[in-house]
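Enquirer: The listed protein sequences correspond, in order, to chains E and D.
Under our numbering, read the first sequence as residues 1 to 354, first letter to last.
Under our numbering, read the second sequence as residues 1001 to 1896, first letter to last.
Hints are supplied without guarantee of correctness; some may be wrong.
The calculated DSSO-like cross-link candidates involving lysine-lysine, where the alpha carbons are at most 30 Å apart (straight line), are [claimed, not checked]:
#, chain 1, residue 1, chain 2, residue 2
1, E, 275, D, 1082
2, D, 1238, D, 1205
3, D, 1100, D, 1147
4, D, 1100, D, 1205
5, E, 204, D, 1391
6, D, 1316, D, 1008
Beta-carbon label-pair distances, calculated as ranges [said to hold, decoys possible]:
#, chain 1, residue 1, chain 2, residue 2, range
7, D, 1186, E, 245, 54 to 62 Å
8, E, 119, D, 1159, 38 to 46 Å
9, E, 206, D, 1159, 27 to 35 Å
10, D, 1159, E, 354, 24 to 32 Å
11, D, 1159, E, 245, 58 to 66 Å
12, E, 206, D, 1223, 35 to 43 Å
13, E, 188, D, 1186, 36 to 44 Å
14, E, 229, D, 1178, 55 to 63 Å
15, D, 1261, E, 229, 55 to 63 Å
16, D, 1128, E, 326, 55 to 63 Å
17, D, 1133, E, 354, 28 to 36 Å
18, E, 354, D, 1261, 52 to 60 Å
Think of the hints as simulated: they come from the structure by calculation, not from any bench.
All C-beta atoms in this analysis are idealised placements derived from N, C-alpha and C, irrespective of residue type, glycine included.
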Amino acid sequence: MLSCFARVARALALTMLFTFGGAAAADPAGQITLLTWADYIDPAVLKDFEQESGIKVRVVVFEDDVERDKRLVANDGGNYDVVCLNHAVVSTYVASGWLAPATASEIPNLSHLEPRWFERVPASRGYAVPYFWGATGVAYRRDLFGAEMTSWAQIFAPYNAQRGKIAMIGNARDLVGAALKALGYSINSTAMAELAAAEALLLKQRPAVATYTYDLAADRKESGLYKGTVSAAMAFNGDADLLTEIEPRASFVLPREGGILWLDFLGVLAQSRHKPEAYALLDFLNRPTVAARNALFVHFASPNAAALRHLPPAFLARRTIFPTLEEVDRSEFEAELPPRIQKRINEIVARVLR
Amino acid sequence: MRPGLSLKVVAVILPLVFAPLAVLAGLSFYQLKQSERVRTEEVLRVALRNLAADIRSEIEASQRNLKFFADANDVRKYAGTKDEAKRYKLLQPGFIDYLKGIRRAYPAYEELRLILLDGYEDTRVAPTDLPNLTDDESGGSLFRALKGMAGESYAEVAIHPDAHELRLLQAQRVYALDTSTGLAVTPADLVGYLVMSRDLQFVQKSVEELNRNISGELLVVDATGRVLATRDRSRLGKRLSGGDLQGLHRAQGSPDPFTAKILPNLFVMAEVPRSVFSNSAVALARALLTTAGLAVIFTSFLLFVLLARLVVRPVKILTAATVEIGHERPTGELPTGREDEIGALARALEFMRKTLLERRQGLLEQNRLLAERSAQLEFARDAAQAANRAKSAFLATMSHEIRTPMNGVLGMTELLLGTSLQPRQRSYATTILQSGQNLLAIINDILDFSKIEEGKLSLQIAPFSPGELCEELVDALGATAFGRSIELICDLEPALFTPVEGDQARLRQLLINLVGNAIKFTDRGEVVLRARGVRDQFPSVRFEIIDTGIGIPADVLSHIFEPFYQVDGTASRRHGGTGLGLAIVRQLLDAMGGKISLQSEEGAGTRVTVELPFDCPPLPLPAPRGLALVGCESSGQSAAVQALLEARGYEVQRIAVEEDLQARRAAVAVPPALIVVEKRFLQAMRREFGAEPAGPRAIVLKRRLDAGDDSNTWSNHPRNVLELPLRRREVEYLLGGLETASPAVADAASARERRTRVLVADGDMINQLVLVEMLSILGLHCTTATTGEDLLKRLEQSLLGDTPTGFGWILLDGQLADMDAHRVVGLIKAVERRHGLAVGAALIGLGSAARAQQRAHCLAAGMDDFLERPCSQVELESLLARWRPAARGEGNADQG
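Only chain E is shown next, with the shape it has when bound in the complex:
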């Protein structure tokens, strides 16, 4: 009986160990692997790049940041050539030596990028290239929610009718950040008491939450918001914007406490054996017309200043994708936190997600 237990344990451990270990085999010459969110790059753009350069791009998607980090940790930053990473981990990736240098010398089109994005994340300078930026707010079905969404508090203390119809993003910083926002604190708070309050709020909210998996991560027609099983969900603005195109009763708001601003980068991994090809991809993607086409596909705001000129005015006028200055001012950009605060947040999320 006991040996049986041990066997199960070993099997489990082995499974966990090798889940992400051998996902990416060594790429043949002329092919690179991109690790990114699903639907976060226009396949047509990749097709164009292949035709132009002869480099085939294999796309590996992750569902959330944790999965991406796990994949990289498993091979110590190996196995992939290009990775999409959120701004919060850039410095750590750099410090871990996982990223190869990414400067104008390797990627000439870097010049199209607005310098202010590099200023936002100083560690990125020379190692990572801004890809898209956006805001995290609340997407909701006006018809289902039954009220106008104006505050984070509304999804943390939902009416009874909404219980079990709330979807949250399980990502540590986003989840705890939203709770801190709902409490009126900064998303970058390091005060233990505020974090404890956020934990309490999250635990209290739990029974009302249908899922902590991002509702709009994949096919929008499969999402809870579209199907009506979810009435309100934390969402990234671009994803929500795409949803509104197919479901007019859906809306996206940055609540009055402000949204959570983010900036995604692309980086070339230090262990990549196809660095020139990787740099070529990044350069291609930052070509203004390409960047504009890509933005039109993913419905997010591009940090590429030159690309904006190639975007139709109707797209630029979309408030969901391009929040007003006032909305941006209300919102906060995730800052780097002390490691043990990060650990505390991990702990909170571990407890909330169970």
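For chain E, the structure is supplied; the task is to place chain D on it using the hints.
Expert: Chain D alone, transformed into the frame defined by chain E:
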């Protein structure tokens, strides 16, 4: 109900059956208990071993798992990542997922933690409800233990600081793995400890599993004796007590069969049950007991039935047959056919029944004859009783019818004797009179007896003086006695003159009968009537009638009180009488509550003793007056004199013969104060004391009816003479005079004068007139008074003047208007004393017959007699005669 024979036998047999069974059961029980104990202990030991092994293997298994987890590359890589920022930002969420995966696979692994070398709790995965108090574990006992642990792993049971409960804590060292190469760092780089906390559910589970089929209790306890797991969940968390705790302490030092140590703070114990019986043993015992019980019940039942059939039923039949043995036909069939003892008994009983029946037939025949005879007898008795009653009635009627003509005969004879007759005629007439009187007495007896027998006798209780009654009676019979030359002596205790309650008339009748009989049957000698108070528990008065007559033969003593009995026909012819006297006496005594006894010696005399319940208190002791010599011919007479003298305070010495006197005189140094002698001693007296005795006063006794010289021939004092039979009053008067030496002043003339004078005091003028008229007929002079004051004045007047006379009688109303009887009597006596009157007037109370207590009242006040009004001339005359002054010692000179 008393237990029957069957019950008794069963009660005797049962113990005989049950005792071996009980002993057997006890022995089996003991054996069973011993083997059960051994078995139970063995089972317990095995169970304990199994439990310990279970827990140990479980602990070892989880320890192996833990080691496996700690050796996992991901874990070692995570722990080996020194950069906190990288570890927490990039690695920790994955690590947490890893730990959560373990927890999902092993829910018993409650808490998984990675604790760094400095005690910082790097990662913790635990249920939400297990709060994390601190991230810094460096101060905790667990961390100290981790730091100090010798091997790679560690296990203990300790109180979890967060949960505050006992947990199995296990830890495994975690060594760093190079992040980039994925190879172990050399030399081994210890970076932390993977700590797992298990709750003790598995212990409880093992305990419950193993406890299932054993008696006794398996326990898991910590070092302090706290119960961590046991079958009885209510004991969880409680401390062991007593012997178990001591066992635990022992076990911490040395091995103990019922305690095993698993970890420093984890012990398994077995509690040997107090009752060692397992269910099977109990079932066996129960079966045994049930079998024994059933055997006992069955045996008793069998015994009971057998006894009932073989013994009790025949015995019951026999008992019933015995009860109805007298019946002609017994209801039950006797088991005579049986060959055993009961059959023999039944046959004997049957024989007895038949014999009895035969005897009964004979008895019935005899009874019938007897009944016939008794019916005849009854008839005869009834006839006799009727005849007797008729006889009594006839006698009464006849007596009455005869008495009337007899009165005529007697009256005419008296009248005839009052006329002038020739001596011969007078003699005939006297004979007629005497015969008539005798006949009348006989008739009276018959009448009395008839009355008594008819139950017509009723007592009339009133106060009277028994002494005076006796004196009166002796007076009345004196003539008869004198006529027969018999001395009649009256010997009375002076105390008897105090009035007592009783029927005076019946007593008189009784005594007359006895004394009369005594006189009748005595030819010579004396008859003594002696009366004494008996003062014991039942106060009474004893009357003795002693004669010196013919006596009664011993063989007839018992018949003497039967009616009509006479000692012999010839005697009756000689002595006369109806033979009813003593029968009447007997009847009277029965009525009065008295008793009689008779002593007699044929030819020597008879003594009849009668006791009657009269309460007669003694007189106070008198002052001593000196020596008195008494000389009488008869000792009875001497006793009578002695009684009177002693009551006055004299010391009496009797003189029997003349010679005695001298001897006595010589012997006595003191000269006697008084000498009382009969006439025949006079010569001796004279010789002794001379013509006129100077010292002692002398009294001469003479017979009242002696016709001879009635002067005191010895002394010149004619008055110092007492007549026999003695009268108390006379004796006291005479002695009173002698003792006080007061001269009796009244001379003969005044005495004679007094005999004609009566003072009548009555408030009622009619009554007074009638009385005065009646007194005048008797030739008496009356002085009248209407009140007590008046009376005293008249008395005073009569005693004053030249010739003080006084009155012979004073008749006074018992209820005078101004004075009560006591007062007036006291005042009369005072007046008389003042005038030196030795003998006062006779005081006679007057009163109505209707008021019975008036007589008693007057007598109590000191009056001499009582006269009921209205009274006849005869009654008045007899009363006055009884109290005439001469009779009270006025002196013999007045007689004639």
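Enquirer: Of the numbered hints stated previously, which ones are contradicted by the structure, given in increasing order?
Expert: Numbers 5, 8, 14, 16, 17, 18 - these are the hints that the structure violates, sorted from lowest upward.
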